[in-house]
Amino acid sequence: MTAAQSSASGRYPAGGDAFPHRSLLGIAPLQTHEILYLLDEAEQWVELNRRSAKHAEALAGLTIINAFFENSTRTLLSFEIAGKRLGADVVNMHAATSSIKKGETLIDTAFTLNAMRADGIVIRHGSSGAVALIADKVDCPVLNAGDGQHEHPTQALLDALTLRHALRERSQDCQDFNGLTVTICGDILHSRVARSNILCLTALGARVRVCAPPALMPDAVEAMGVTAFHDFDAALAGADVVMMLRLQNERMEGQFIPSPREYRHLYGLTGSRFRRAARDALVMHPGPMNRGVEIDSEVADLAGTSLITRQVEMGVAIRMACLDVLTRRTRGVPGWARLAERGA
Amino acid sequence: MKQQRPLTITGGRLVLPDGVSEGALRCVDGRIVAVGDVIPEVEDEVIAARGQLIAPGLVDLGVFSVDKPAFHFGGITRAALMPDQSPPIDYPSRVQFTAYSGKPDLWVHPLAGATVGLEGKALAELALMREAGARGIATGRRWIADSGIMLRLLRYAAMLDMVVVTHAEDGGLAGQAVATAGEMATRLGLPSAPAEAEALAVARDIALAELSGARLHFRQVTTAAALDLVRAAKMRGVAVTAGVTPAHFMLSDLAIADFRTFGRMSPPLRAEADRRAVVEAIGDGTIDVIASGHDPRGPEDKRLPFVDAEPGMAGAETLLAMVLTLVRDGVIDLARAFALLAGNPARLLDVAAGSLMVGLEADIALVDPERPWIIDSNKMAASAGNTPFDKQPAQGQVTGLFKGGVRVG
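Quick note, the sequences are listed as chains V and B, same order. Under the numbering used here, read the first sequence as residues 5 to 348, first letter to last. Under the numbering used here, read the second sequence as residues 1331 to 1739, first letter to last.
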């Protein structure tokens, strides 16, 4: 099977119409069937990644640049592995060693990356909207690996894929998440993971609850189609999935909560508290975890319940799918005509 | 340059404080000497207005840059310059230098920085700056956080009879915010502050103005709650006035979608309900001044991630056209439009201009209020094209401008 052959052809518009975007900047610009398309495309890579020889040649000869303006270990590694397993030449650019420190503007960095003729650029940046700004100035597809407090689309996609697998193993048929209640608890205000997950999960039909102390809850979050809670016990009641987020201390200016101890008292997912959720409830966390603060090891390590390591596994498959789909136009895959304009 | 020859502009529609009437206007030695039923003398230079508006030159209260081509395009003959310059205008010699920087065809009225370095701590030499030509005092882009210092400033300004132009945003609430709290800021993941940050600052400054008897002008009031406070204070007879720029009556925070940095303003764009409240306040007289807030910013300040971009817009060229939309929408009439753009700001700055009255400086704009044009950020007269109205059609343009009876340009 070649990468171009969709494992789910027939359910989607033909060829490039299945995913008519040049870049993946967020979940917000995607239609529900486009989200499902990426999830379906990832299945073949889940399979490949579980073999002992995990290599494909779909992206052979292509250069993928991972430009990380913000520190990252797991996401960078995940994208690097994804690119390499697809046969691409992967280069990592770390902000710490880049000319950003020398005063170069983001736009100049974008022009520089573009001049190196990358076939795909994966970008993480500390400012909301920065990735879209770069995408507008380069000729190749751009993948948002997290921009400020805005979006982290591959995280939301990998979470959806993880959830889908877990539900299927319980022999629940789930093309989508209709009827599923997901509680996201933690620093919603500063979390791009929360925003992308809210968009993705609600698009797929889940009922989403968000839970945070007032200072860490964004204004008018209900407008995104979720129910907001300050009381974690109430937010947990009957939830099918509990997604915990860490406190993003690096994004906080000033004091948002009195102390980690008090935060844990109100919002820590302890074993006893977790029992308020639905009987077969699943636990997720995008990592890195602060054990003993937002989540107790007792819950985080619960086999069959905790999907946390599975999320990491699915991350590679999702990123392979995104790299594959987004480079099809460059690779001249039949049916994937080039898009007319930048930023489409 | 002094006016060499008497000038009569005939056959126009005079925009007078109490309404529009057909007639002519004669200027001698830089002053208006006759308005209305005027016959040109033999020695006069005669200009036929051909039915266009003969209006006072605009007095732009609170600009951040002296940008003559943009001001002249927009019909602005006087601009009150904010002290937020580099270095700040907080010292008499800087006031004096700035006051001459636009002459003869643009008069710059420096606003004295209220505190040294605009840091909100130590009062600057306000009386000496007044001597040097400052026509008012301004706190700068930020408010003065310490209420004790603000009260001392207002008392001192009251003694000097100078208007104090303040920025109404509670600094603690506003913090590092770049947007108004609400759905848009939440979706974009931008640091935001509640709109109430403005009402808090307005409430405090009104209380202190009442206590001190100072003349207080809020450069921009952009929320319903703060406008209610201003309205109530005026009813009580407090010497408070309010201004706004077109961005806040034309646009809501929808304009920052897709992280458009040309929509990054200070204070930030508000919710639609607040935008409507601003329009209503212009109509009912709560708002006294509409200014451009002219702040041209090139790509090095605007082509950045939203949080890192500088706030502000190049507004001088579009100021008049945007105010004329309010006239066409029936919110205000032409006389009131020019009171907002010229008469009221001139009164606040205490300069002998801003309306077509005998004895005042002959700062005249000929305006074709219907002339259509397209706002294009690539073809602006301003030193940078950062306008949120890019590619929008507009109506109304200045076709001739006179400063002290001398044709500009």
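Derived by calculation from the structure, the hints in this document are not laboratory data. On a predicted model such as this, the values are computed, not experimentally measured, just so you know. Don't be surprised by glycine CBs; every beta carbon is placed ideally from N, CA and C. There may be inaccurate statements among the hints.
[Claimed, not checked] Pulled a few chain V residues facing chain B out of the computed Cβ check, cut under 7 Å: (1) 132; (2) 225; (3) 227; (4) 231.
[As the list claims (entries may be wrong)] Below, a list of computed lysine-lysine pairs in the DSS-like style, where the Cα atoms sit at most 27 Å apart: (5) 1433(B) / 1332(B); (6) 1451(B) / 1433(B); (7) 141(V) / 1398(B); (8) 58(V) / 88(V); (9) 141(V) / 1433(B); (10) 1433(B) / 1721(B).
[Unchecked claim] Pairwise CB distance ranges, derived in the manner of DEER restraints: (11) 47(V) / 1703(B): 49 to 57 Å; (12) 95(V) / 1558(B): 56 to 64 Å; (13) 262(V) / 1446(B): 31 to 39 Å; (14) 229(V) / 1351(B): 52 to 60 Å.
Each hint tested on the structure:
1. 132: Holds, about 4 Å.
2. 225: Result: holds, 6 Å to nearest chain B Cβ.
3. 227: holds (4 Å)
4. 231: violated (15 Å)
5. 1433(B) / 1332(B): At roughly 11 Å apart (the allowed maximum being 27 Å), residue 1332(B) and residue 1433(B) satisfy the hint.
6. 1451(B) / 1433(B): Violated: residue 1451(B) and residue 1433(B) sit about 33 Å apart, past 27 Å.
7. 141(V) / 1398(B): Given pair residue 141(V), residue 1398(B) is violated - Cα atoms ~33 Å apart, limit 27 Å.
8. 58(V) / 88(V): holds (10 Å)
9. 141(V) / 1433(B): Violated. Residue 141(V) to residue 1433(B) sits at ~42 Å, over the 27 Å cutoff.
10. 1433(B) / 1721(B): It is violated: about 33 Å lies between the C-alpha atoms, which goes past 27 Å.
11. 47(V) / 1703(B): 49 to 57 Å: The hint (49 to 57 Å, Cβ to Cβ) holds, given that residue 47(V) and residue 1703(B) are roughly 56 Å apart.
12. 95(V) / 1558(B): 56 to 64 Å: Since the Cβ atoms of residue 95(V) and residue 1558(B) sit about 58 Å apart, the hinted range of 56 to 64 Å holds.
13. 262(V) / 1446(B): 31 to 39 Å: holds (37 Å)
14. 229(V) / 1351(B): 52 to 60 Å: Once the Cβ atoms are compared, 57 Å apart, the range 52 to 60 Å for residue 1351(B) and residue 229(V) holds.
Hint check: violations occur at hints 4, 6, 7, 9 and 10; the rest are consistent with the structure.
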